[in-house]
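**Q** These protein sequences, in sequence, are chains R and A. Plus 2 on top of the position in the first sequence (first one is 1) and you've got the working numbering. Plus 2 on top of the position in the second sequence (first one is 1) and you've got the working numbering.
Simulated from the structure, these hints should not be mistaken for laboratory data. Just so we're clear, the structure is a prediction, and the values are computed from it rather than from any experiment. Heads up, some of the hints might be wrong.
To give an idea of the chain R side of the interface with chain A (calculated C-beta under 8 Å), a few residues [stated by the list, open to error]:
{"no.": "1", "residue": "65"}
{"no.": "2", "residue": "68"}
{"no.": "3", "residue": "135"}
{"no.": "4", "residue": "139"}
{"no.": "5", "residue": "187"}
{"no.": "6", "residue": "190"}
{"no.": "7", "residue": "191"}
{"no.": "8", "residue": "193"}
{"no.": "9", "residue": "201"}
{"no.": "10", "residue": "282"}
{"no.": "11", "residue": "284"}
{"no.": "12", "residue": "285"}
Covered by chain R, according to a simulated footprint, are these stretches of chain A (three or more residues, beta-carbon under 8 Å) [what the hints assert, rightly or not]:
{"no.": "13", "segment": "171-179"}
{"no.": "14", "segment": "194-206"}
Heads up, the beta-carbon is just placed ideally off N, CA and C, and yes, glycines get one too.
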Amino acid sequence: MTLIATDDFKPTTAAAPAALPARARRGGRVRLGPGPAIPFGMQLGSLLLVASWVIGSGLGLIDPRIFSAPWTVADAFRQLIADGRLQEHFGVSAWRAVSGLVIGVAIGTVLAVIAGLSRLGEALIDGPIQIKRAVPTLALIPLLMLWFGIGEQMKIITIVLAVIVPIYIHTHNALRGIDNRYVELSETLNLPRWTFIRQVVLPGALPGFLLGLRFAVTLCWVSLVVVEQVNATSGLGYMINLARTYGQTEIIIAGIVVYAVLGLVSDAAVRFVERRALTWRRTLSQ
Amino acid sequence: MAPHTVAIDDLVVQTQNLHRSFDGRTILDGLNLRIARGEFVALLGRSGSGKSTFLKALAELDHEVTGSGRLDVPENRSVVFQDARLLPWLRVLENVTLGLTGADDAGRRMLREVGLTGRERSWPVELSGGEQQRVALARSLVREPELLLADEPFGALDALTRIRMHALLKELCARHRPAVLLVTHDVDEAISLADRVLVLEQGTFVEDLSVDLPAPRQPDNPRFGQLRRHLLTKLGVATH
Numbered sequence: 003m004t005l006i007a008t009d010d011f012k013p014t015t016a017a018a019p020a021a022l023p024a025r026a027r028r029g030g031r032v033r034l035g036p037g038p039a040i041p042f043g044m045q046l047g048s049l050l051l052v053a054s055w056v057i058g059s060g061l062g063l064i065d066p067r068i069f070s071a072p073w074t075v076a077d078a079f080r081q082l083i084a085d086g087r088l089q090e091h092f093g094v095s096a097w098r099a100v101s102g103l104v105i106g107v108a109i110g111t112v113l114a115v116i117a118g119l120s121r122l123g124e125a126l127i128d129g130p131i132q133i134k135r136a137v138p139t140l141a142l143i144p145l146l147m148l149w150f151g152i153g154e155q156m157k158i159i160t161i162v163l164a165v166i167v168p169i170y171i172h173t174h175n176a177l178r179g180i181d182n183r184y185v186e187l188s189e190t191l192n193l194p195r196w197t198f199i200r201q202v203v204l205p206g207a208l209p210g211f212l213l214g215l216r217f218a219v220t221l222c223w224v225s226l227v228v229v230e231q232v233n234a235t236s237g238l239g240y241m242i243n244l245a246r247t248y249g250q251t252e253i254i255i256a257g258i259v260v261y262a263v264l265g266l267v268s269d270a271a272v273r274f275v276e277r278r279a280l281t282w283r284r285t286l287s288q
Numbered sequence: 003m004a005p006h007t008v009a010i011d012d013l014v015v016q017t018q019n020l021h022r023s024f025d026g027r028t029i030l031d032g033l034n035l036r037i038a039r040g041e042f043v044a045l046l047g048r049s050g051s052g053k054s055t056f057l058k059a060l061a062e063l064d065h066e067v068t069g070s071g072r073l074d075v076p077e078n079r080s081v082v083f084q085d086a087r088l089l090p091w092l093r094v095l096e097n098v099t100l101g102l103t104g105a106d107d108a109g110r111r112m113l114r115e116v117g118l119t120g121r122e123r124s125w126p127v128e129l130s131g132g133e134q135q136r137v138a139l140a141r142s143l144v145r146e147p148e149l150l151l152a153d154e155p156f157g158a159l160d161a162l163t164r165i166r167m168h169a170l171l172k173e174l175c176a177r178h179r180p181a182v183l184l185v186t187h188d189v190d191e192a193i194s195l196a197d198r199v200l201v202l203e204q205g206t207f208v209e210d211l212s213v214d215l216p217a218p219r220q221p222d223n224p225r226f227g228q229l230r231r232h233l234l235t236k237l238g239v240a241t242h
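Please model the entire structure based on the sequences and the hints provided.
**A** Below is the structure:
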């Protein structure tokens, strides 16, 4: 077989074409995603809300009897903190809410994994969760008082029952949505069940779990309010209820402000965890 | 064309009268196959010929199809898919050693063999298609499998990367010596890589020949062209 020498390939000898006329510069192609984040963008909406409150009260547009002015509320805050009442009530509420949250998240996750990986589990668990979801906490409280009394245990159980629902639904949904190709891959690698759950199922369900957690952290405070308004001798809900009895609108609003701040901070905290835990993704928000 | 004969001892894969059907349609029609230790077998076939079903049967991944027949495959086998299937939430080294304990050093060595030193801590999303497939190869071979099942592993790659991957696969198999079943639609790939080529047509093997070309197998070798024409004819593709 004769080898072909590289010289046998003739280079192109055609004349170079004339240069193309220069085009006028156009703007770049429109980007379809939301683009880079605005600094402090998250806080902008809330700050505008507060600003409108300040301006509205300052201009006399908001009736102080219906909705206290920001400075009156600030005064109430100063008073409550000086008395130590705010710290005391907040501490009690926080303990209840966090306990309920932690227990609820644990139970909700376990139920979601069982229902996600087993048809029998799904058959037994999914229905009752959907039922619980449809029943408002307020309606459930008299029953819970009957079964568990009126102590701390009953309050924490109420919160647990509320928190389980979003954790279960979002985790279960994300789990079921895990690409079947990863399940096939796990079978070809002969992964033992526990490794499969730890390395494939839980990370795959994590985005859904974190979304459920965002709902759960605000829900634990909301259900806390409800249960504290009905029967409590301490806590933020009790503080607000007492203020209602005495017509102290500014304390009611102070309580609402505390809830608002808690809600925003909890949500931001979960989003922060979300960003760190999901660095491996490239999604619309990058 | 030399027909293929296999010694009975040292068999890695054996199927007898393997039937598979789906939705009432017969996909595999009584297949008999033997693959010896270290043998590199390519399985050619048109789309719909049943070659992926056959590979899934060997991988014991075919839960939804009904079938019968005897199937003996080793426990220690690996599969390489057309998509790399790296877990996006694990770094490259963790993907390679998935399911193994204490295999970090072996994983690193394997990544060096596929030319990805220094990428152990990268996320899969940061790698190109060819690089991801190389990680998948590393993952499949780090376990030193007796049988490597590859389902059109280079089908999603561009032609230039494919050429490089052929060379890499040849090198890896020469070093680790698993038995290989490579499912492909690319006749040139089959002739370059395999010791033995099967053609599957409508659920049966219509050809089973030895590739008697010495290395290196160059496409401009007339014998290569002969084999190519013969296989294309068996596949029902007209050549000019």
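**Q** It remains to establish, for every hint, whether it holds in the given structure.
**A** Cross-check of the supplied hints:
no. : hint    : verdict
1   : 65      : violated, 54 Å
2   : 68      : violated, 51 Å
3   : 135     : violated, 29 Å
4   : 139     : violated, 35 Å
5   : 187     : holds, 5 Å
6   : 190     : holds, 4 Å
7   : 191     : holds, 4 Å
8   : 193     : holds, 5 Å
9   : 201     : holds, 6 Å
10  : 282     : holds, 5 Å
11  : 284     : holds, 5 Å
12  : 285     : violated, 10 Å
13  : 171-179 : violated (count 0)
14  : 194-206 : violated (count 0)
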